[in-house]
Amino acid sequence: MKNKIIRLLVIVVTILIVVDQTSKLLVSNRLVNGSIGNEKFGLEITSNTGMAFGFNDGSNGKNIVLTIFILLIIATFIKNQLERIDTKTALALSFAISGGISNLIDRMFRGGVFDFIKFYNITFNLADIFVVLGWILLVVFLIDYSRKN
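Following our numbering from start to finish, the sequence shown increments by one per residue and tops out at 199.
Please keep in mind that the hints were generated in silico from the structure rather than gathered at the bench.
You can take every hint at face value.
Subject to a maximum C-alpha distance of 25 angstroms in a straight line, what follows is the list of computed SDA-like cross-link-like pairs (lysine to any residue): (1) K52 with L132; (2) K90 with R80; (3) K52 with I186; (4) K138 with F191; (5) K54 with V181; (6) K52 with L183; (7) K90 with V181; (8) K112 with F159; (9) K52 with V181; (10) K52 with L121; (11) K90 with F174; (12) K54 with W185.
Distance windows between CB atoms, simulated: (13) E89 with N130: 44 to 52 angstroms; (14) R57 with L183: 16 to 24 angstroms; (15) L183 with F91: 15 to 23 angstroms.
Since the model is a prediction, treat every value here as computed from it, not as a measurement.
Beta carbons: idealized from backbone N, C-alpha and C, even for Gly.
Start from the sequences and build out the full structure, keeping to the hints where you can.
Quick look at the structure:
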């Protein structure tokens, strides 16, 4: 079971990182004028040096360290709880981890996170969706687990 969970984590994280980085590459190569769409929805290239919701805005170096620290905490949790992690939890963790790693790649090699999906006044990317989805799934699974016990 341990090997199955580790394999699942590695495969899903790798696929999601490739999907996110490919989407950023495609948008940066195709979106020459910087934006398409309207004020409510579209594609608009921006660089975000902050964390979620503007936290630590402009502190890219600090955010790299903070992201690595959070990923290490998650990795330690997985290592210590591997026997108890089921497939659903592994998938949720995979989403959160892949989004964090993909945005970390942006921070390290682009100087900030490459955002391009515009929805009203918010601009984000697929990695952001992965992180949010991963944490939402973890909370849902924890609530479900606590109801069963």
